[in-house]
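Number of protein chains: 4
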Amino acid sequence: MRDAYPVWSLVPTRWNDNDIYGHVNNVIHYAAMDTVINRWMIEEGILDLTDPEAPIGLCVESGCRYLASVEYPDVLALGLRIARLGTSSVTWEVGMLRDRDDEPIAEGRFVHVFVDPVTRRPTPLPDPMRTVLDTLVSPPAAVEEDT
Amino acid sequence: MRDAYPVWSLVPTRWNDNDIYGHVNNVIHYAAMDTVINRWMIEEGILDLTDPEAPIGLCVESGCRYLASVEYPDVLALGLRIARLGTSSVTWEVGMLRDRDDEPIAEGRFVHVFVDPVTRRPTPLPDPMRTVLDTLVSPPAAVEEDT
Amino acid sequence: MRDAYPVWSLVPTRWNDNDIYGHVNNVIHYAAMDTVINRWMIEEGILDLTDPEAPIGLCVESGCRYLASVEYPDVLALGLRIARLGTSSVTWEVGMLRDRDDEPIAEGRFVHVFVDPVTRRPTPLPDPMRTVLDTLVSPPAAVEEDT
Amino acid sequence: MRDAYPVWSLVPTRWNDNDIYGHVNNVIHYAAMDTVINRWMIEEGILDLTDPEAPIGLCVESGCRYLASVEYPDVLALGLRIARLGTSSVTWEVGMLRDRDDEPIAEGRFVHVFVDPVTRRPTPLPDPMRTVLDTLVSPPAAVEEDT
Numbered sequence: 001m002r003d004a005y006p007v008w009s010l011v012p013t014r015w016n017d018n019d020i021y022g023h024v025n026n027v028i029h030y031a032a033m034d035t036v037i038n039r040w041m042i043e044e045g046i047l048d049l050t051d052p053e054a055p056i057g058l059c060v061e062s063g064c065r066y067l068a069s070v071e072y073p074d075v076l077a078l079g080l081r082i083a084r085l086g087t088s089s090v091t092w093e094v095g096m097l098r099d100r101d102d103e104p105i106a107e108g109r110f111v112h113v114f115v116d117p118v119t120r121r122p123t124p125l126p127d128p129m130r131t132v133l134d135t136l137v138s139p140p141a142a143v144e145e146d147t
Numbered sequence: 001m002r003d004a005y006p007v008w009s010l011v012p013t014r015w016n017d018n019d020i021y022g023h024v025n026n027v028i029h030y031a032a033m034d035t036v037i038n039r040w041m042i043e044e045g046i047l048d049l050t051d052p053e054a055p056i057g058l059c060v061e062s063g064c065r066y067l068a069s070v071e072y073p074d075v076l077a078l079g080l081r082i083a084r085l086g087t088s089s090v091t092w093e094v095g096m097l098r099d100r101d102d103e104p105i106a107e108g109r110f111v112h113v114f115v116d117p118v119t120r121r122p123t124p125l126p127d128p129m130r131t132v133l134d135t136l137v138s139p140p141a142a143v144e145e146d147t
Numbered sequence: 001m002r003d004a005y006p007v008w009s010l011v012p013t014r015w016n017d018n019d020i021y022g023h024v025n026n027v028i029h030y031a032a033m034d035t036v037i038n039r040w041m042i043e044e045g046i047l048d049l050t051d052p053e054a055p056i057g058l059c060v061e062s063g064c065r066y067l068a069s070v071e072y073p074d075v076l077a078l079g080l081r082i083a084r085l086g087t088s089s090v091t092w093e094v095g096m097l098r099d100r101d102d103e104p105i106a107e108g109r110f111v112h113v114f115v116d117p118v119t120r121r122p123t124p125l126p127d128p129m130r131t132v133l134d135t136l137v138s139p140p141a142a143v144e145e146d147t
Numbered sequence: 001m002r003d004a005y006p007v008w009s010l011v012p013t014r015w016n017d018n019d020i021y022g023h024v025n026n027v028i029h030y031a032a033m034d035t036v037i038n039r040w041m042i043e044e045g046i047l048d049l050t051d052p053e054a055p056i057g058l059c060v061e062s063g064c065r066y067l068a069s070v071e072y073p074d075v076l077a078l079g080l081r082i083a084r085l086g087t088s089s090v091t092w093e094v095g096m097l098r099d100r101d102d103e104p105i106a107e108g109r110f111v112h113v114f115v116d117p118v119t120r121r122p123t124p125l126p127d128p129m130r131t132v133l134d135t136l137v138s139p140p141a142a143v144e145e146d147t
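Chains as they are written, first to last, in the numbering used here: chain A, 1 to 147; chain B, 1 to 147; chain C, 1 to 147; chain D, 1 to 147.
A portion of the hints provided could be inaccurate.
What the hints assert, rightly or not - Sample of chain D residues facing chain B (criterion: CB under 7 Å; computed from the structure):
1. N16
2. N18
3. D19
4. I20
5. G22
6. N25
7. V75
As the list claims (entries may be wrong) - So these bits of chain C aren't anywhere near chain A, every CB distance computed over 10 Å:
8. A4
9. V7
10. W8
11. I20
12. G22
13. N25
14. E44
15. L58
16. V60
17. S89
18. M129
Said to hold, decoys possible - Ranges between beta-carbon positions, derived for each pair:
19. C:A54 to A:D48: 18 to 28 Å
20. D:D116 to C:T119: 47 to 57 Å
21. A:E53 to D:D51: 50 to 60 Å
22. D:P104 to C:A54: 21 to 31 Å
23. B:T119 to D:P6: 37 to 47 Å
24. B:R65 to C:P52: 45 to 55 Å
25. A:V132 to D:D127: 50 to 60 Å
26. A:P52 to D:V7: 34 to 44 Å
27. B:V75 to C:D116: 29 to 39 Å
It is worth saying that the hints were derived from the structure and are not from the lab.
Keep in mind it's a predicted model, so treat the numbers as computed, not measured.
Beta carbons: idealized from backbone N, C-alpha and C, even for Gly.
The following block holds chain A by itself, in its conformation from the complex:
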């Protein structure tokens, strides 16, 4: 699974991520996806939370298949790739492992539509952003049209 995603990032679990059943609650996997996707874009310089005019990414669809449980204080490792790069949208695929033993935990999907921060209407991905996102497209991108 490590080979299937070009970028990996860690999310340590927190005490309260465990629910009454003693494992990390299903909701946390989505918080982890949101965290690593945005963190990667910030680190790559294509998302700037302090710029009030830059496009922002809204989640229009997400999903997750759970393969095994994980427990605090385990550390989650999340692998990122992009399955589809549209005019305004990015379809992320996220592989999740337990970092200490490479046990596959979950496979997630997260669809961003980038919008104007004021009108909240879809806006084409700026070219510099598209160039960076392209490096995660796997297999090699067929750029398609969408909203």
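Given chain A, work out where chains B, C and D should sit, using these hints.
Below, chains B, C and D alone, put in the same frame as chain A:
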């Protein structure tokens, strides 16, 4: 949308549900689904968190399509129905509205597999539980076999 | 305890509020305080999240004593009063009950300093806001000076 | 501040830790304290979440003073020391920094009472646990009696 789900339940948003973009973060919709599904089962007497031998429901798959934003202090209304009742599994469908204006917010999907609390292996839904779950099956259930 | 606070507000617990010990995690009480304090101010018209120029309340200090446990799906009832109204600051006191049986759960304290939204420097409470806040001061306010 | 606490531990912020004001919400500091205190005890072998008979630590009091804001994707660094070791209780003091620039963020306080996992009544700290906890007492412990 109100007619498409037989049971409705409210989840008031919390201050910190709003993220930096000023709307309820996509993760919260999953927390809300988890909350109303389990709350309904508890109220119906088919989930007892204090019984250490009763089957527990693990989430093996979930997903959500987001239709519109919602902001704290709005109240979410969630409608429940069951799309499929398997031997051990329950596929929930959840419609989400902004309670104050009936604006559709999201459509979710949440698949439970019921397992033995100790071995965490799938276990058939007990008959009394199945009877209650059957009341939410929509359209009328074709009981199918699965794990 | 119901008599000791002039305003009460409900916060239903969520599935994932329960931690591995089967009760609502200590962190949630703070999320509940933040939720009801801000919700009350919004309902009273003295906090407007959509006005980019209105003062915002930052938490500079908080605390909580825990008296008893509470479990999802219980509903928390939170009572609000103001112990001290400064030039820019508000010291909230929050009583928390289990709504179904009036069992005292916790006693919290939450200190807001209102600041200019841009400079984030303390700003005097606007008069209309002070008038509304005054209705929660208990016992009758001695308005004191602070930052 | 780095010198004032013998043990330090990191908690990376998550996307949804930022609230509508664009900084990490005050509630998150408590989640971070809970996470590092328990994680340290687990790593030191004095807290075992899988042992159904071992004493568990319940939070009976907590508090926090906020000194500066912190923003996702910043990493929090938390320093731990023990201000007081009672018969059953541990009073933790937690210093919080922004890891990238050592900016003091907050000072927290967190009081655990250890209880029997079944009766939930206070139980004396087992000797091996006390020995390990003693290493964090600062200044050198005067062991006092309490519940």
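Cross-check of the supplied hints:
1. N16: holds, 5 Å
2. N18: holds, 4 Å
3. D19: holds, 5 Å
4. I20: holds, 4 Å
5. G22: With a minimum Cβ separation of about 5 Å from chain B (threshold 7 Å), the hint on G22 of chain D holds.
6. N25: Since chain B brings a Cβ to about 5 Å from N25 of chain D, closer than 7 Å, the hint holds.
7. V75: violated, 17 Å
8. A4: holds, 29 Å
9. V7: holds, 28 Å
10. W8: holds, 26 Å
11. I20: Violated, because the least Cβ-Cβ distance between I20 of chain C and chain A comes to about 4 Å, which does not exceed 10 Å.
12. G22: With a cut-off of 10 Å, G22 of chain C comes too close to chain A, as the shortest Cβ separation is near 5 Å.
13. N25: violated, 5 Å
14. E44: holds, 28 Å
15. L58: holds, 18 Å
16. V60: Holds: least Cβ distance 23 Å, greater than 10 Å.
17. S89: Given that every Cβ of chain A is farther than 10 Å from that of S89 of chain C, nearest at about 27 Å, it holds.
18. M129: holds, 26 Å
19. C:A54 to A:D48: 18 to 28 Å: With Cβ atoms ~25 Å apart, the hint holds.
20. D:D116 to C:T119: 47 to 57 Å: holds, 52 Å
21. A:E53 to D:D51: 50 to 60 Å: Holds: the Cβ-Cβ distance is about 55 Å, inside 50 to 60 Å.
22. D:P104 to C:A54: 21 to 31 Å: holds, 29 Å
23. B:T119 to D:P6: 37 to 47 Å: holds, 42 Å
24. B:R65 to C:P52: 45 to 55 Å: violated, 31 Å
25. A:V132 to D:D127: 50 to 60 Å: holds, 56 Å
26. A:P52 to D:V7: 34 to 44 Å: holds, 40 Å
27. B:V75 to C:D116: 29 to 39 Å: For V75 of chain B and D116 of chain C the Cβ distance comes to about 31 Å; the hint holds.
When the structure is compared with the earlier hints, violations turn up for hints 7, 11, 12, 13, 24 and for no others.
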